[in-house]
Amino acid sequence: MTEIYSTPAVPGAHTPLYAGSLLSVRGLEKVYGSKESLTHALAGISFDVEQGEFVAIMGPSGSGKTTLLNCISTIDTASSGHIYVAGRDITTLSKRALTKFRRDDLGFIFQDSNLLDTLTGFENISLALTIKGTPATQIPPRVNAIASQLGVSDVLSKYPYQMSGGQKQRIAAARAMISDPQLVLADEPTGALDSRSATIMLEMLEMMNTQMGATIMMVTHDAFAASYTSRVIFIKDGTLFNELRRGDDSHDAFFNRIMEVVAFLGGEAGHVS
Amino acid sequence: MYLKLALRNIRRCIKDYAIYFVTLLFGVAVFYAFNSIGGQQVLFDLQSNASSRMFDSTQKFLNMFSGVIVVVLAFLILYANQFLIRRRKKEFGTYLILGMNSLHVSRMVLYETMIVGCVSLFIGLGVGVLLSQALSFFTALLFQVTMTQYQFIFSLDGCITTLTCFAIIYILVALLNTTAINRYKLIDLLHADEKNERTSIRNPIACFIVFLISLGILACGYVLLNENGLVMLDDPKFFGATICMLVGSLLFFWSLSGFVITVLTRAKRIYLKGIRPFTLRQIASRVNSAFASLWVVCVLLFFSITVFSAGMGMIDIFVTNTIEANPYSATLDAAVWYGPDGTIASSSDDITQRRQEMEEGAPERLAQADSYEWDMAACLRDGNPELWDQTVATSAQIDFYDIPNLTYGMLIDQVQQKLPNQELNLDSLGSVRDFRVSVISLDQFNATRALQNQDEIQLNPGSCALINNLELSEQLAQSLLQGEVSFEVAGKTVTLEGPLYTTQLEDNMMKASTLVFVLDNETINALKAEVLIPDTQRLNIMYANNGLSDEENDQMLADIIASVQPIDLGGFEKGAAGANEQWASLLWPVTRLLTSNEMIVQANGMRLMITYLALYIGLIFLVSTAAILAIQQLSQISDASKRYQTLYKLGCDSRTINHSILVQILIYFLLPLGLALCHSACAIYVLTNSMFSAFGVSPIAPILMTLGLVLVVYGGYLLITYLTARSIVKSNLNAK
Numbered sequence: 001m002t003e004i005y006s007t008p009a010v011p012g013a014h015t016p017l018y019a020g021s022l023l024s025v026r027g028l029e030k031v032y033g034s035k036e037s038l039t040h041a042l043a044g045i046s047f048d049v050e051q052g053e054f055v056a057i058m059g060p061s062g063s064g065k066t067t068l069l070n071c072i073s074t075i076d077t078a079s080s081g082h083i084y085v086a087g088r089d090i091t092t093l094s095k096r097a098l099t100k101f102r103r104d105d106l107g108f109i110f111q112d113s114n115l116l117d118t119l120t121g122f123e124n125i126s127l128a129l130t131i132k133g134t135p136a137t138q139i140p141p142r143v144n145a146i147a148s149q150l151g152v153s154d155v156l157s158k159y160p161y162q163m164s165g166g167q168k169q170r171i172a173a174a175r176a177m178i179s180d181p182q183l184v185l186a187d188e189p190t191g192a193l194d195s196r197s198a199t200i201m202l203e204m205l206e207m208m209n210t211q212m213g214a215t216i217m218m219v220t221h222d223a224f225a226a227s228y229t230s231r232v233i234f235i236k237d238g239t240l241f242n243e244l245r246r247g248d249d250s251h252d253a254f255f256n257r258i259m260e261v262v263a264f265l266g267g268e269a270g271h272v273s
Numbered sequence: 001m002y003l004k005l006a007l008r009n010i011r012r013c014i015k016d017y018a019i020y021f022v023t024l025l026f027g028v029a030v031f032y033a034f035n036s037i038g039g040q041q042v043l044f045d046l047q048s049n050a051s052s053r054m055f056d057s058t059q060k061f062l063n064m065f066s067g068v069i070v071v072v073l074a075f076l077i078l079y080a081n082q083f084l085i086r087r088r089k090k091e092f093g094t095y096l097i098l099g100m101n102s103l104h105v106s107r108m109v110l111y112e113t114m115i116v117g118c119v120s121l122f123i124g125l126g127v128g129v130l131l132s133q134a135l136s137f138f139t140a141l142l143f144q145v146t147m148t149q150y151q152f153i154f155s156l157d158g159c160i161t162t163l164t165c166f167a168i169i170y171i172l173v174a175l176l177n178t179t180a181i182n183r184y185k186l187i188d189l190l191h192a193d194e195k196n197e198r199t200s201i202r203n204p205i206a207c208f209i210v211f212l213i214s215l216g217i218l219a220c221g222y223v224l225l226n227e228n229g230l231v232m233l234d235d236p237k238f239f240g241a242t243i244c245m246l247v248g249s250l251l252f253f254w255s256l257s258g259f260v261i262t263v264l265t266r267a268k269r270i271y272l273k274g275i276r277p278f279t280l281r282q283i284a285s286r287v288n289s290a291f292a293s294l295w296v297v298c299v300l301l302f303f304s305i306t307v308f309s310a311g312m313g314m315i316d317i318f319v320t321n322t323i324e325a326n327p328y329s330a331t332l333d334a335a336v337w338y339g340p341d342g343t344i345a346s347s348s349d350d351i352t353q354r355r356q357e358m359e360e361g362a363p364e365r366l367a368q369a370d371s372y373e374w375d376m377a378a379c380l381r382d383g384n385p386e387l388w389d390q391t392v393a394t395s396a397q398i399d400f401y402d403i404p405n406l407t408y409g410m411l412i413d414q415v416q417q418k419l420p421n422q423e424l425n426l427d428s429l430g431s432v433r434d435f436r437v438s439v440i441s442l443d444q445f446n447a448t449r450a451l452q453n454q455d456e457i458q459l460n461p462g463s464c465a466l467i468n469n470l471e472l473s474e475q476l477a478q479s480l481l482q483g484e485v486s487f488e489v490a491g492k493t494v495t496l497e498g499p500l501y502t503t504q505l506e507d508n509m510m511k512a513s514t515l516v517f518v519l520d521n522e523t524i525n526a527l528k529a530e531v532l533i534p535d536t537q538r539l540n541i542m543y544a545n546n547g548l549s550d551e552e553n554d555q556m557l558a559d560i561i562a563s564v565q566p567i568d569l570g571g572f573e574k575g576a577a578g579a580n581e582q583w584a585s586l587l588w589p590v591t592r593l594l595t596s597n598e599m600i601v602q603a604n605g606m607r608l609m610i611t612y613l614a615l616y617i618g619l620i621f622l623v624s625t626a627a628i629l630a631i632q633q634l635s636q637i638s639d640a641s642k643r644y645q646t647l648y649k650l651g652c653d654s655r656t657i658n659h660s661i662l663v664q665i666l667i668y669f670l671l672p673l674g675l676a677l678c679h680s681a682c683a684i685y686v687l688t689n690s691m692f693s694a695f696g697v698s699p700i701a702p703i704l705m706t707l708g709l710v711l712v713v714y715g716g717y718l719l720i721t722y723l724t725a726r727s728i729v730k731s732n733l734n735a736k
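Taken in sequence, the protein lines are chains A and B.
Residues 1 to 273 in this note's numbering are what the first sequence lists, from first letter to last.
Residues 1 to 736 in this note's numbering are what the second sequence lists, from first letter to last.
Think of the hints as simulated: they come from the structure by calculation, not from any bench.
Don't take each hint at face value.
[Said to hold, decoys possible] A few chain A residues facing chain B, derived, Cβ under 8 Å:
1) I75
2) R96
3) F108
4) N114
5) S126
6) L127
7) T130
8) I131
9) P140
[As the list claims (entries may be wrong)] Subject to a maximum C-alpha distance of 27 Å in a straight line, what follows is the list of computed BS3-like cross-link-like pairs (lysine-lysine):
10) K90(B) - K185(B)
11) K273(B) - K132(A)
12) K642(B) - K95(A)
13) K642(B) - K730(B)
14) K268(B) - K158(A)
15) K185(B) - K642(B)
16) K185(B) - K4(B)
17) K185(B) - K89(B)
Fair warning: this is a prediction, and the values are worked out from it, not measured in the lab.
All residues carry an ideal CB built from backbone N, CA and C; glycine is no exception.
Isolated chain B (complex conformation) (with noise of 0.2 Å):
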């Protein structure tokens, strides 16, 4: 019997909240489809390690964003569901006085929700499972990646998690539901929709401080943010913005109402309008006691919108360059003495003492060097010539000199002495004065543009020229040309001259040239008699036509370099070490290898975490939110009704009433997503700063994408709210 009464109890709530079984359906769905990507990898020919690679960790991610997503979801249904049991207190009343104990009714209710929450996770599911199915389209684009034969995709481990995280909310759910029903008094229970609505008066100018205070608060916390930057988060200046980001907006929310109806109600020539009394006390005495949840929605909001807004951005960072970041098939880097990770620096200052030293901490790898004349491609055919003829059809080598006692820092000063007003952007590139300038020739710098087939560059006597394409550093390398700059080099004077040359000398990340000065032949020589030995080399290689693919031509490189220095060889070893197990990486000839097509494959990968993360993130929270919001607005509005059937009789008519419906919940809804716009504006703001404008990212396009999926799906949702209540209102009015 209680079953049959749980079943209609629910035909009859699903009418009036299906905007909460939506969202519950729509959580269920969206959980398991970003829990089951990894499962997607079977739908596409991932030719390397790496893509698999990617798609693994991006699984791992979203698995662990999973569990922030969990507690949101939780939260949510746990809110809602207590709004809705609040909602029939007077039902269950009923049912006490008409001789059912408490645990009948504890049980019908934990019947209802084991139905609601088996239903809702079954056909959720279903819809996740069609959703994965279009997700997985949507990787292919991402990824890159043709898919090469589509077949249904169901992850038994996207299933079982996603069960288990629902079935824990709906048990806790179920808890919850029934020592609050066990707590209730009958007295209350039947009386319950009698209650007087007490409106708290709070003291007006008591909240004004407090409003002006959190003002200050909020804005204390901007001023930290932007002192932090968002680029280290666990620095403590980050912790007290976000503390103030967090009190600011509860004491914003708590002391808004308290004076803004005072003074809109001293305001009569405003006030006395309409039904702007009732509306406007409408709103304030539920402000008064939502604020703690306007508060949570706001907070919410905010880190949906910034995640997801620094999400695209951080795409753009990492994606857009990605072709004109890697020009060459491979690069090899050697890292001489200094490791390109820097695990262990040269003991002495002095570069000109650094071949003494690597004699001593590496004299296998300076023999070895010394032997080949420094020539990299020259000791790698040596160790499998016929593939490497098969592999590599052309390369070019660079090799980096420092200058001694020459460091970018007195190249500043001189730019700040003749042009004082230049902005010069110093602070985002960190210490770059204390770097040794550093130096390429003439030669090795036309025969690298020749691979890309850039054109030959020619130096005039006395002068240098200077590459630069990293966008952090574009508007420094701009001043060093402007102030003509001119520095000493083996006992010859050089002057710069334009123009600024963007050539890519690597495969990277993205645009990586950082004001290397390009010197004649005859000044590198000078320097290399100084300081003995380059501080790293690298050399780009462009892949033969050989009808092999990049990624069989990577293989073909790695075996080549394991030829000359296989796994097992000991001596000194420095550098990324451990990054590629085929062979070791040593000092000379390959510290480390990246490929054009590694590159691109990891940004692709890079590209799904951050979408799919950001996506992921940014609309379960968003969901969430909204869905709280509309539930909150139209159980409200339904416990108003019949101060809206009062308003009719004294002659409002309904256009009035429905516009001061939507009055109230545009003011719900806009509320906290001000707030919260506030707060992300600021927070994109420093990110743009700190982070976007240095890898030139615009922040418009992922601000706008942002605001777009804000409008559609917390529009939406506003939409629904107010159609709901309109409807739940007009037929309140009609019914007497």
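Chain A extracted, bound-state conformation (with noise of 0.2 Å):
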């Protein structure tokens, strides 16, 4: 704890790299439209997120967070800005290392899991590994192993249109996990679901990070989801707006203290409209 403690709240675009750091992100600008009308959709972020941590990024709608997202999971490139992953700069990194980035080092959970449907379950676990070229020989064992501790093993032979949407969520899960990737990246996984659904879902994902040691960065608009978090970063208008971290909180104390800031964040915004 002392040591998470010993960060400081907000780094600057030219902070230096801490070496406990996963990701580090550095003055990121991402400007969308044309000379006449720009839009700042990231206006020079920058944070920290260590190794091992399971992190929330907050803010209302328009805020930034699917851009922040989509930057560091190189599926859109930033317009200025430094994204570090492990001491690299992936923002230098080729198309070709882009790819190879992606399928290494990152695992992937999105609001509508995106299963492919003509797959089974086992089949979309196994995607992960196949891409990377694992011996097939490895791969059955592999996926039993996580399906087992992910809870999804008796749905392995079933299509998606075949599971709940809580299955389908998990199933994604465990394909992110499966790679043994740096970092998992979540795009709203429990905005699909219903709240019994989504209360085994975050369960996981925490059992994931304290368990199964895996450091997550989840984007979220539910203070729910991310009670569940060790830190939740908010954000608005493209810059850090706050931090939370929650100690040695219960999930309802950090939940109540994360309510304030949303409720605070929202009123501002019914305040500025």
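If you follow the hints, you should be able to join the two separate chains into one complex; please do so.
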């Protein structure tokens, strides 16, 4: 804990990298539009995520959450600024290296699970390995192992349309985890789930973080989902707005603290409009 | 407003479905071009009625097949259109939600269909007119005529046919579209692209059994086809083969995906590599639902390939030997008693009785022949001596005699005894065993050879010679020579001695001298005393070098015949009557007249007709199938673009994705082509055995030509489909 508290709350664009930091974003900007009407989706945001952290990114719609996620996941390119993952600047990578980076170092969990509907659960999970060229003999034991850890062993032979929303998300989580990525990015993973499935999903993410040692960065607008993380970063208008650490708080206490910030953000947004 | 919307929709669609519009244009253009061939006549200085008759019958045949072509094109257009409409469900849903009623939407779609129809029709017609100009040069080449004077040709008939046919197709399309739109429910329209693709899972063991059954049915069809020989098309075996082919192919496609996917998923070592699971599932999920269209494509491809290669082979049959088969200016046949088409056969089987029968049946002819001592040339010259001398330089007559009580079967038995292991190729010779042995005299043979500037031959005492140049009986002729057969004729035994002579004894479509024996003059005279009248007679003529064209000489020859046997001459008629209206076809002196000029014109006409038919059917079918596959693949790949996006996010590089697309497209294009090629290979094998080999035509050239056509057209569509699909996916990967 002391280690975490020693991190400055707001690093600047030129703040040097920390040894323990897995993800460092420095002065990230993303500008859309033409000369006449520029939109700064990201206006020079900087922050760090430590190895083994479970971080939530929150913010009202239009705050730049998704743009940030797309930039980190290298699906989109930043206009300026740098993103370092394990000390490597991914904004300067070639297209080929980016593909390799996504394949080897990142795991994705999307809002709508994004399972391939023509493939079974087993095949969806194994795809993350086959793309990497993992030998075929290693694949079935690894898929079975992760499936039993995430409680989806019984749906492996089913097609996505035969699964519930929660099962789909857990298969997606298994797909994200199986290749032992450095960083798991989750984009509103509970967005399409009912509250019960959402709770199971969040507990699973927590378990992935604490027991399997995954570093997870989750984008969400749901304070309840955010309360499962160890730190919440609030962004607004493309910049860092606030940051909350859970410390030793219970879920409920952390949830209440998050809600205060959300209420403040929402109130101010209402005031501005 | 609806018109404006319709126009905008079209502009948007044209980019996506360029391949469909191009195919439409192509269809219209080719349809017009082939339906306007009759109009090309004006370009050529067609000297004879025969030439223009060939043109007319070519056009008639093409028009006949246009019916089939229209059905295929209608299928293509309806299928493609149904695809386009289905893909726009969500758009229609939006219109309905915005407050348009389904009538409005229907009207908008109707405008779209009409605009696309009119544009494609008019541009297509324009292209067609240009194409038909190019085609006329090709016609000149095929018909071996010189274009006297080039002029721009436009066929009103062809234009009207094209407009009518396509107007009907488009009206049909418009009707189907509007009813389809009226039937949709709003909820289905809005959620059209959210529907889960349900991969119906079939029992793999059942599929495997069905697959084996389908192979069995196909094999059965191949056997039936082989027995039928593809010559008799109204044979129940042919129907059986057709049904086996259709049913077998359908079951083949239905069952294939069901078990192949199961087998492959079990073989984890092969299966779990790269994005193979994805690619395979992608293919399999569609084979499950697309087996019917694969089947149609396979059948059309088979038809296209077979028609084209068979057509190209037929041209060889008709055309290769035309010049060699027509060494004389003209050939005049006298049927004597047996007509060439055998309408009235001799009542008794004893040929020594034929003079008796002729005396009763056709006394005038017998009297006339006797009075000229069976000399056809003398009789004809008497009709118009001046014209005869002016027209005919030289002539040579051949009298064909049958030997009583000696059939080819007896000679074959001799050979089979002496050379038991000899392959005689008797199957394709029909009832040759029952035919009486045909002989001519050495003098007449030498005279005929002299017409062709061939040297005189001699016969050793007690020997005879054999003439044959028909490919079909070549093997048998060689065997007869090898077996040194001997037979008795008019109380004297003669033995066959080589070499084999290949002199063509008449003008004909093909080399037609068939197992004719040459005997010395005394033996023939002895035979003549026995059978009294010849079996048939043939007078071969060489025209004089009188500065007139072949066409004019043909006419003068006809005039001479008409002077001897005017059209109103009564008496016993028999033979190829009605083939020429200028003179009456009689048993003697002239039953039938064939001129070299006419035969060559006919052969060229045949070549024209078959080439155009094969090209027309082959091209349209090939393009239609390729277009169906292309449209299907493109829309399916663009439907699945979200999946490619997911793959991309998971870290799949675009090369792997492109490879997967290529594999999918290749399998979808090559699967039906593969089965169709198997069917065609069988059909061509059968045709080669039953027909081509008999005429000495090698199937290699037609096969290569067909493969070239398939490679260019089908391969071209495949390539364009792949490139378009790649760019669709690529643009989707870059867009988020």
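Please name the hints from earlier in the document that this structure breaks, with their numbers sorted from lowest to highest.
Hints that this structure does not satisfy do not exist here, as all of them hold.
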